Every structure is written in structure tokens, then in C-alpha cells.
Amino acid sequence: MNLVGHNIGLVEQLKMHMIKKLNEYHRDGFIVEGKFQELLIRETAALDERLEVMKEWL
1 MNLVGHNIGL VEQLKMHMIK KLNEYHRDGF IVEGKFQELL IRETAALDER LEVMKEWL
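No gaps in the numbering here: position 54 of the sequence shown is 54 in the working numbering, and each next residue is one more.
Rather than coming from a laboratory, the hints here were simulated on the basis of the structure.
Just so you know, these numbers come straight off a predicted model, no measurement behind them.
Be aware that one or more of the hints could be misleading.
[To be verified] Pairs of lysine-lysine residues, derived as DSS-like cross-links and limited to a Cα-Cα distance of at most 25 Å, are as follows:
#	residue 1	residue 2
1	55	20
2	55	35
3	20	35
4	21	35
5	15	55
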């Protein structure tokens with residue numbers, strides 16, 4: 001596997017970990033009700049963009 005392919009796997013793992021942590025924070029009440037979806041979209045947008053660019057390089 002080349003370096004870009006390996007990095008894609010790492011970014012995907014980072015995204016899953018971040019979503020899991022956001023869900024935990026939401027469940028525990030640290031995120032204001034009604035703002036969770038907005039926060040989730042904002043936080044994952046950069047990683048989605050990075051993944052798209054990396055997949056174009058392959």
C-alpha cells in the first residue's frame with residue numbers, strides 16, 4: 001500500500017474516533033441540544049474534504 005493509501009486509512013480512523021467522541025459528549029450533556037448536528041457537520045467537513053483530495057491522488 002502506498003503512503004497516500006495508508007494516510008487515507010488514518011484519516012478515516014480519526015474521523016470515526018472524532019464522531020464517537022462527539023456522540024459521547026452529546027450523550028453526557030456537554031453539547032447544547034439542537035447544536036449537535038451543526039457541530040458534527042462542521043467538524044467532519046474538513047476531514048471529508050481531505051479524504052476526497054487524497055482519493056483523487058490515487
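Now the hints, each set against the structure:
For the proposed pair residue 55 and residue 20, the alpha carbon gap of about 23 Å is at most 25 Å, so the pair holds. This hinted pair does not check out: residue 55 and residue 35 have alpha carbons roughly 30 Å apart, beyond 25 Å. With a C-alpha separation of about 16 Å, the suggested pairing of residue 20 with residue 35 holds against the 25 Å cut-off. For the hint pairing residue 21 with residue 35, the CA-to-CA distance comes to about 15 Å; that is within 25 Å, so the pair holds.
With a C-alpha separation of about 15 Å, the suggested pairing of residue 15 with residue 55 holds against the 25 Å cut-off.
Violation of the numbered hints given earlier is confined to hint 2; every other hint is satisfied by the structure.
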